[in-house]
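Colleague: As a plain string of letters, each chain reads:
Number of protein chains: 2
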Amino acid sequence: MKLATIKDGSRDGQLVVVARDLSSAHYATGICCHLQQALDDWNFVSPQLQDLYDTLNQGKARHAFPFDPRQFMAPLPRAYQWADGSAYINHVELVRAARDATVPESFYTDPLMYQGGSDDFLGPCDDVVCPSEDMGIDFEAEIAVVTADVPMGATPERALDGVRLVMLANDVSLRNLVPGDLAKGFGFLQSKPATAFSPVAVTLDELGDAWQKGRVHLTLQSSWNGRKVGMCEAGPDMSFHFGQLIAHLCKTRNVRAGSIIGSGTVSNKGVQAQGGMQWPKGYSCIAEKRAIETIQDGKPSTQYMRYGDTIRIEMKGRDGQDIFGAIDQQIAPPR
Amino acid sequence: MKLATIKDGSRDGQLVVVARDLSSAHYATGICCHLQQALDDWNFVSPQLQDLYDTLNQGKARHAFPFDPRQFMAPLPRAYQWADGSAYINHVELVRAARDATVPESFYTDPLMYQGGSDDFLGPCDDVVCPSEDMGIDFEAEIAVVTADVPMGATPERALDGVRLVMLANDVSLRNLVPGDLAKGFGFLQSKPATAFSPVAVTLDELGDAWQKGRVHLTLQSSWNGRKVGMCEAGPDMSFHFGQLIAHLCKTRNVRAGSIIGSGTVSNKGVQAQGGMQWPKGYSCIAEKRAIETIQDGKPSTQYMRYGDTIRIEMKGRDGQDIFGAIDQQIAPPR
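Just so you know, the sequences run in chain order B and R.
Heads up, the final residue of the first sequence is numbered 335 in the working numbering, and it's a clean run with no missing numbers.
Heads up, the final residue of the second sequence is numbered 335 in the working numbering, and it's a clean run with no missing numbers.
Hints should not be assumed to be uniformly reliable.
Note that the list lumps identical chains together, so a pair holds whenever it fits in one copy or between two copies.
Mimicking EDC-like on lysine to aspartate or glutamate, the simulated pairs with C-alpha atoms at most 20 Å apart in a straight line are [stated by the list, open to error]:
#	residue 1	residue 2
1	Lys299	Glu93
2	Lys316	Asp68
3	Lys251	Glu133
4	Lys213	Glu157
5	Lys251	Asp134
6	Lys213	Glu293
7	Lys281	Glu293
8	Lys60	Asp21
9	Lys7	Asp41
Note that these hints are calculated values from the structure, not bench results.
Start from the sequences, fold in the hints, and give me the full structure.
Modeller: Next up, the structure:
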């Protein structure tokens, strides 16, 4: 099932079911107004949504309309929790190696995760408004899941059962504000502005056997100003699966329905080729590209994003079809 | 106006108006079902709530019922944002002095703030369920405000206009997990379990002239196992007022209606008396008491909380009347 939230001028928009091929959509408001409501009462609401989805896919839904991602908000336009992991240790290794820092041994067994603002998400085609180009504007292409209720102390296996939906995220970062936030130790308060999500959130069955043990075994594509810079494999190098990330979060508290958990920047290990290390899959954030440049050349040569730059993030299924619709945003100054 | 949320078995409860003297309450669901809805559309909804409040205070509300805090959830049982400052630098100074660390100069101009989980708040009389007594269970008595929409880049003065409601918070901390969280620099993910709030949230006019320039000039009382351990003045030693805290949060992003911003542990400077430093106002968290003991005796002697311990947090107005109702909780093991 594919779910989305259409803009209607309100804070929470209206729930819509989207056809598998992303060609058309249908209001679900006869069943349920908002995605959070569906998550709050999933076992009752989701079968009704599934019926509408099936009818839509059969071309029999009476009030279907063409699906245009620009009309959409984030599937959850605001959420009660957004906790973003850093599950691809390779990313952490590269960034640390670039500043001659080692990775503590504990990072391989104990996930990194920060709590982000969830009161004001961006739609997939909304501008990324940043106060200044000097802040080091970066995209971060990620996978994110939306959870059911998961009780305090749940095991990773139990927590994995709590995954309801999958979507893509652009966890925008202001790199030049990161050192200040890190030095305080209180988390990324100013260096992580509003996060954007893909137009569509999908249930696990939509991923077929690409969803394996809490990981999405597909390629995450990132295009910066129209140039494909990342074709990263999201599965193999994900050091902690989503069940482990959720279990980490609920070690000391309950996680409630509608919580969003991010994977962190998708990142692949380098390979030995032509007498040196290469990263043929590209990158899912500029900071990683700059880290690689620093390791190889002593300094970074790729600059961060400027106003007017565009970033497109998408993922195709094994059938070559777009799964989530694309995040397609432009960087913009404050109005 | 005094607002609260009564338990009804649902995730968001039902909005209730509470009489000024906390003797009675009245369902506001004829006007608006949930506090978040009122905050989303405050200018339209709040005058209607005010009318009901006035009628209730005049003893003329037809369906008033006795107010019992044990029936109540947090005013916002879940919220789209919970960002907690550390606005009383004296607290930071004491805790750092106890471990022979200095306070960086920047801490006096740039607030500390972390993002906490907001998907699962505790009601004022709900048990504080902790996985283990060995985690260093501590209370933290704080003031918290609920905001309107505040745009990115707002000045502290503008941000201060965004304060809609004030309440009390018990920002429970698991002290023995803090060093691990701090070492990662990603914020307090596991060391800050669910936060509890006072039964009632009040508009600024309820504080009269005790609300001055973004600070509450009243005494925050904390009683641990029935013993009054803190009578802390919340006004004078608050290094950053709420407008400054909100402006800090919205430096790089919009803050949306219903965001909760905390003051951090209320703390008062020590005074010279009887040939040494004394802290006659007591403490709003055990960690601060232990810091003082460490500074004076070389080691802490007060232990953290055990299962069965109680914590009561409340605040009286200048007329001696209880303003918010009391937070009154017991520490409990997982069921």
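Colleague: Each of the hints needs a verdict: does it hold here or not?
Modeller: Quick rundown of the hints versus the structure:
{"no.": "1", "hint": "Lys299 - Glu93", "in the structure": "within (17 Å within a copy, 39 Å between copies)"}
{"no.": "2", "hint": "Lys316 - Asp68", "in the structure": "within (18 Å within a copy, 55 Å between copies)"}
{"no.": "3", "hint": "Lys251 - Glu133", "in the structure": "between (38 Å within a copy, 14 Å between copies)"}
{"no.": "4", "hint": "Lys213 - Glu157", "in the structure": "within (9 Å within a copy, 50 Å between copies)"}
{"no.": "5", "hint": "Lys251 - Asp134", "in the structure": "between (38 Å within a copy, 14 Å between copies)"}
{"no.": "6", "hint": "Lys213 - Glu293", "in the structure": "neither (33 Å within a copy, 49 Å between copies)"}
{"no.": "7", "hint": "Lys281 - Glu293", "in the structure": "within (15 Å within a copy, 56 Å between copies)"}
{"no.": "8", "hint": "Lys60 - Asp21", "in the structure": "within (15 Å within a copy, 59 Å between copies)"}
{"no.": "9", "hint": "Lys7 - Asp41", "in the structure": "between (23 Å within a copy, 18 Å between copies)"}
In summary, the one numbered hint that this structure violates is 6.
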